[in-house]
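Could you build all of it, start to finish, from the sequences and the hints given here?
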Amino acid sequence: MAAYPVCCAPARHGEALDLVGTAILIVIAVLTLHGVFAGAEIAILSVRKTRLREFIRRRDKRALAIKKLRDQPEEFLASISIFIAISGTVASVVGGAQIEPVLAEELEGVGLGHAASFTIVVSGIVFVELVIGELVPKSLGLRYSDRYSFMTARMMVVLSFCLRPVIWLLTATSNVFLRFFGDRTTFTEARLSRDELQQLVEEAAKTGSVDPRASEIASRALGFGEVTVAEVMVPRTRVVAMRINAPPEEVQRMILEEGHSRMPVYDGTIDNIVGYVVARDVLALSWEKGLVVLQDILRPPHKVPESTQALDLLREMQRRRTQMAVVTDEHGGLSGLVTTEDLIEELVGDIMSEDDVPEQFFTREPGGTILVQGWAAVRKVNRDLQLDLPVGKDRTTIAGLCMSLAQAIPQAGEKLTTENGTILEVVEASSRRVRRVRIHPVAHDPDGEEPEEESAEGVR
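Here the sequence shown is numbered in the numbering used here, starting from 0 and rising by one per residue.
The hints are simulated quantities; they were obtained by calculation from the structure and are not laboratory data. All figures in this text were calculated on a predicted structure; none of them were measured in a lab. Beta carbons are placed, not taken as given, at the ideal position from N, Cα and C, and that holds for glycine. Take the hints with a grain of salt, since some may be wrong.
Claimed, not checked - With a cut-off of at most 30 angstroms between alpha-carbon atoms, the simulated DSS-like pairs for lysine-lysine come out as follows:
hint : residue 1 : residue 2
1    : K414      : K302
2    : K379      : K392
3    : K302      : K392
4    : K137      : K66
5    : K205      : K137
6    : K137      : K67
7    : K48       : K66
8    : K48       : K60
9    : K67       : K48
10   : K60       : K137
11   : K392      : K414
12   : K379      : K205
13   : K205      : K302
14   : K48       : K205
15   : K379      : K414
As the list claims (entries may be wrong) - Cβ pair distances, simulated, as ranges:
hint : residue 1 : residue 2 : range
16   : V135      : D194      : 19 to 25 angstroms
17   : D59       : S306      : 45 to 51 angstroms
18   : L221      : H113      : 42 to 48 angstroms
19   : L221      : G412      : 26 to 32 angstroms
20   : T236      : D70       : 51 to 57 angstroms
21   : E201      : M150      : 22 to 28 angstroms
22   : A245      : G207      : 40 to 46 angstroms
This is the structure:
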């Protein structure tokens with residue numbers, strides 16, 4: 000085989016560099032389109048409905064295109080997914096075929112070869128894809144959803160139309176395999192996880208796109224679907240109830256002293272809640288007749304198990320038009336009470352009336368420890384004190400968490416350690432309950448080193 004003249008080597012090298020430059024431009028262009036479509040997906044799904052309706056009334060073609068895409072999300076989201084997959088593949092193929100060989104040849108001069116060039120090319124493409132193709136466009140699409148969606152809507156309609164045959168073919172093929180699992184192909188499932196939505200909400204609050212208070216409510220709402228009534232109820236030990244055969248003087252005194260607008264009524268023992276009374280009914284009856292017979296104004300109880308989802312209970316209470324629910328344990332006894340106010344406070348925070356006195360459930364101490372009441376709800380402690388204490392069926396209150404960790408009722412002075420290393424020191428306890436607990440939060444070392452473990456003596 001005839002050898003090429005030495006004088007031709009620089010020419011071949013120059014041609015190779017030209018091909019690399021062209022390949023880089025192709026990769027950047029493809030990934031930029033990738034980003035445009037990824038941002039359009041977020042923008043079109045996030046555009047404000049009020050603004051969209053306003054432009055639809057004006058017969059704006061861009062607004063009509065957005066409406067068409069939102070009305071047919073299956074096709075729209077499928078086309079976006081297909082294009083993003085194609086663009087990523089094209090970028091990888093072009094980078095591997097045109098850039099990697101030339102880079103490998105250059106690296107051979109310094110003792111490196113294809114492995115190093117392959118790593119560099121792949122890392123570079125992934126980096127550019129994440130920045131140009133995902134992070135930047137999605138942030139812009141969320142921040143400027145109205146403007147972004149109006150700019151890209153008609154282009155998305157054209158893309159959906161062009162890829163319709165491909166969507167049909169892919170859907171039909173995947174359905175053949177999914178039929179064995181009793182499922183079918185869908186592109187309208189949640190494409191963002193709850194954690195991703197949470198990050199978007201926090202980012203929107205930081206950038207000023209969303210009011211911080213609205214962001215906090217949205218964050219609470221995202222987690223509300225996983226909350227059970229056991230986590231938000233007033234526990235049995237703090238329930239104030241009256242006897243069904245209580246004399247009028249006792250009824251009036253309890254209503255006035257406790258200050259509750261509603262109060263449960265029991266027959267025999269507190270485990271047998273037979274209903275509840277409304278304070279205004281008691282006062283009206285005593286004003287008119289001078290006599291209070293609780294049976295005359297008793298409202299039926301709505302009983303639910305501890306495992307009931309808070310969201311389901313809120314809907315049920317709205318349907319029943321009731322303001323109080325009785326939470327029962329596995330034996331049918333009283334576990335606690337939940338009001339609509341308790342449920343709504345999980346979304347908007349504490350709701351204080353004119354006569355309410357803020358109930359302080361913790362005291363910060365020198366040295367960083369926190370003294371907490373045993374009845375305090377773990378969810379509220381985590382939220383207000385920025386802690387990460389475990390929550391569960393038997394861990395809805397600080398006292399319950401301590402008993403769960405100790406597998407018994409711990410005594411004063413005992414120290415218990417949670418899964419993440421937080422130490423709970425029982426300060427005050429009786430033979431039946433834990434009253435006060437000192438929390439030793441996990442120390443976070445700024446250098447990233449694990450905190451030194453405390454002596455195991457006295458710690459479970």
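Comparing the hints with the structure gives:
About 36 angstroms separates the Cα atoms of K414 and K302, which puts this hinted pair outside 30 angstroms; it is violated. Restraint check for K379 and K392: the C-alpha separation of about 15 angstroms stays at or below 30 angstroms, so the hint holds. With a C-alpha separation of about 18 angstroms, the suggested pair K302 and K392 falls inside the 30 angstroms cut-off, and the hint holds. Restraint check: the Cα-Cα separation between K137 and K66 comes to about 20 angstroms, which is no more than 30 angstroms; the hinted pair holds.
Simply put, K205 and K137 have alpha-carbon atoms about 16 angstroms apart, close enough for the 30 angstroms limit, and the pair holds. Our distance criterion of 30 angstroms between C-alpha atoms is met by K137 and K67, whose separation comes to about 21 angstroms. With a CA separation close to 10 angstroms, the supplied pair K48 and K66 stays within the 30 angstroms bound. Pair hint K48 plus K60 holds up; C-alpha atoms about 16 angstroms apart against a cutoff of 30 angstroms.
Between K67 and K48 the CA atoms are separated by roughly 13 angstroms; this keeps the pair inside 30 angstroms, and the hint holds. About 24 angstroms separates the Cα atoms of K60 and K137, which keeps this hinted pair within 30 angstroms; it holds. Taking the CA atoms of K392 and K414, the gap is near 21 angstroms; set against the 30 angstroms cutoff, the hint holds. Distance restraint check for K379 and K205: the Cα-Cα separation of roughly 23 angstroms lies within the 30 angstroms cut-off, and the hinted pair is therefore satisfied.
Among the hinted pairs, K205 with K302 is inconsistent with the structure: their alpha-carbon atoms are about 42 angstroms apart, more than 30 angstroms. For the hint linking K48 to K205, the alpha-carbon distance of about 23 angstroms falls within 30 angstroms, and the restraint holds. Between K379 and K414 the alpha-carbon distance is near 22 angstroms, which keeps this suggested pair within the 30 angstroms criterion. Here the CB-CB span from V135 to D194 is close to 20 angstroms, well matched to the stated 19 to 25 angstroms.
Separation of D59 from S306 is about 50 angstroms and conforms to the stated range, judged on CB atoms against 45 to 51 angstroms. Checking the proposed 42 to 48 angstroms range against L221 and H113 shows it holds: the Cβ atoms sit about 46 angstroms from each other. Restraint check, L221 to G412: a C-beta distance of roughly 40 angstroms breaks the suggested window 26 to 32 angstroms. Judged by the Cβ atoms, the range 51 to 57 angstroms given for T236 and D70 holds: they are separated by roughly 53 angstroms.
At about 26 angstroms, the CB distance of E201 to M150 agrees with the hint of 22 to 28 angstroms. In this structure the supplied range 40 to 46 angstroms is violated for A245 paired with G207, their Cβ-Cβ distance being about 55 angstroms.
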